[in-house]
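Go ahead and model the full structure; you've got the sequences and the hints to work with.
Letter by letter, the chains look like this.
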Amino acid sequence: MADPEIKSYAPHHESQSPAVTESRTARTVLMAVTFAFLAIFLLLPLIIVFKEAFAKGIEAYTQALGEPDTRSAIRLTLLVAAISVPLNIVFGISAAWAIAKFEFKGKAFLTTLIDLPFSVSPVISGLVYVLLFGAQGLLGAWLKAHGIVILFAVPGIVLATIFVTFPFVARELIPLMQEQGNGDEEAALSLGANGWQAFWYVTLPNVKWGLLYGVLLCNARAMGEFGAVSVVSGHIRGLTNTMPLHVEILYNEYNAAAAFAVASLLAGLALVTLVLKTLLEMRYGAEIAATRGH
Amino acid sequence: MEVRVANVRKEFERFPALRDVSLDIKSGELIALLGPSGSGKTTLLRLIAGLERPTRGKIFFGEEDASQKSIQERNVGFVFQHYALFRHMTVADNIGFGLKVRHGPSRPSAKEIRRRASELLNLVQLSGLEKRYPAQLSGGQRQRVALARAMAIEPAVLLLDEPFGALDAQVRRELRRWLRDIHDATGHTTVFVTHDQEEALELADRVVVMSQGRIEQVGTADEIYDTPNSPFVYGFIGESSSIPVKVEDGQVWIADRPIGLSAPHAPQGEATLFFRPHDVDLVEECNGCIAGTVAASRRVAGTRRVELEIGGERQRVEIELPVDHPAAQKSRVAFRPRRWKLFPAA
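The listed protein sequences derive, respectively, from chains A and B. Counting along the first sequence from 1, when you hit position 208 you're at 526 in our numbering, and nothing is skipped either side. Counting along the second sequence from 1, when you hit position 298 you're at 323 in our numbering, and nothing is skipped either side.
Derived by calculation from the structure, the hints in this document are not laboratory data. One thing to keep in mind: the hints can contain errors.
What the hints assert, rightly or not - In the BS3-like style, the derived pairs of lysine-lysine whose C-alpha atoms are separated by at most 30 Å in a straight line are: (1) A:Lys595 - A:Lys419; (2) B:Lys94 - A:Lys423; (3) B:Lys94 - B:Lys125; (4) A:Lys419 - B:Lys51; (5) B:Lys125 - B:Lys136; (6) B:Lys156 - B:Lys136; (7) B:Lys51 - B:Lys83; (8) A:Lys526 - A:Lys369; (9) B:Lys355 - A:Lys526; (10) B:Lys51 - B:Lys94; (11) A:Lys425 - A:Lys526; (12) B:Lys125 - A:Lys419; (13) B:Lys125 - A:Lys526; (14) B:Lys136 - B:Lys271; (15) B:Lys156 - A:Lys526; (16) A:Lys419 - B:Lys94; (17) A:Lys526 - A:Lys595; (18) B:Lys156 - B:Lys125.
Structure representation (structure tokens):
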């Protein structure tokens, strides 16, 4: 019978041909420039954030974080992320499914639309909500008559955050689902699975790493968004201040230590995201290589 | 299970992929849908499966109209061209999937599912590979896992889309024999799609030749090869040569010469003569024959193919000669087809 040949797809490290290898000096210069650039613009600020945060000692640091307004900002940020990330997961999966698996008119338009939040300045997305829901806005009078508060309150912040973060999950999944096609789902249906079972047992496992990656980026942005949220929040201390807004307020009050303490939390989140992303890429890359056999 | 396709038409965005196709598939039969790409063979298979709905016409499973039933309700085993194995599941989980997604009392216990998977793996000669993942299997092994998975749900009909299309020639031949054995052992009504005539003629009880959304001919390998009923089938199955001719007074003419073939029942006028290159008699005295000058000659395995230019219009036809036949050295060869068929010119 067929011999069980199993190909390995490990990349082999060949020495580069001499023709495309730069001289030793050129290599050193290029690498030095890259590292210096990264150190000055990325690493140094990050170190300074932590250095400033702990400038007055651990006690001052914990005290700054224990302050009621700060704790309320942390809670609000977590709440906003907890609402907007799941919603964007649902939206991202449906949009990716629709675009990758169906043919319909306006598909190209929908794809472009999903990218809109990336191409528009966050401040403008915030302003759009002000124009829509503000007192003088399009829906302002109606909302007021019905006692619904959106602007300068939590709903507005959540809406603005959803707006700026919705491309992350969808954009991660669309190419993945397009590449995988309908074959696996058709196979599941032919074996008697219903639509939900096909999604749960077949589609979702096939995209899980891409999905996780998208969620991670979406979450990082949801917690770190400044511009759009700043416009709709109203900066009410202890009520509508998210962590990034709170950092700004503290800093403007010359309370550098507290500002950097809160900033260090955000920076910590960024670092955790980066580490997870790297781990995922390692894992995800192996999976893609494994499924690309034959 | 008997399957009857009745006057089915299928359009994709108003483009007809199938035009009025009817086909009776007998219970327990192994039948091949054969045709070039774009002939509609895969569309027909997907219609039988329920992966597509017909634009017009009906499909019966036994006496029952299955046209409006979903693929789940039809209980078909479908083997996809690229296998569509679930890459994140082990071989055993792949095979057990169809049983695991059942509801209520028809769903076997986890232990029973495992037992069935092992049994089927045994049937497809892959015992011991339960815990492997699809990425760790060769192409031929994946194909067999896909078949085991389709058979696990005890399907009414087994449908295979280009089952050996992605495999190399050696493995194809082995799997062909193996599929025939499995079919004989299990007795499933089986329909498979292929563009490889050798595969279709060798493996199937009956072959359905398709072209441009229509069925051209249905028959056993012998019927299809020996008595093709259309110029398309003549040209598509096996090798054939053709020359434009004229029918007059019950005789076949090329230009102004009769070629010694009588066709008393053929309609008068322009026609095309078809014959197999190896099915010819060489003649010495050309008293009613086809004669031509040798334009090219090439060696094909145990025989020699000679291309002849015929008549004033230098029509080219190919005939086959034994390698050591003296005629192959001559510049002029005369022959008469032993078995032939006339089709009115289009």
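Output the indices of the hints that this structure fails to meet, ascending. The structure breaks hints 4, 8, 9, 14; every other hint is satisfied.
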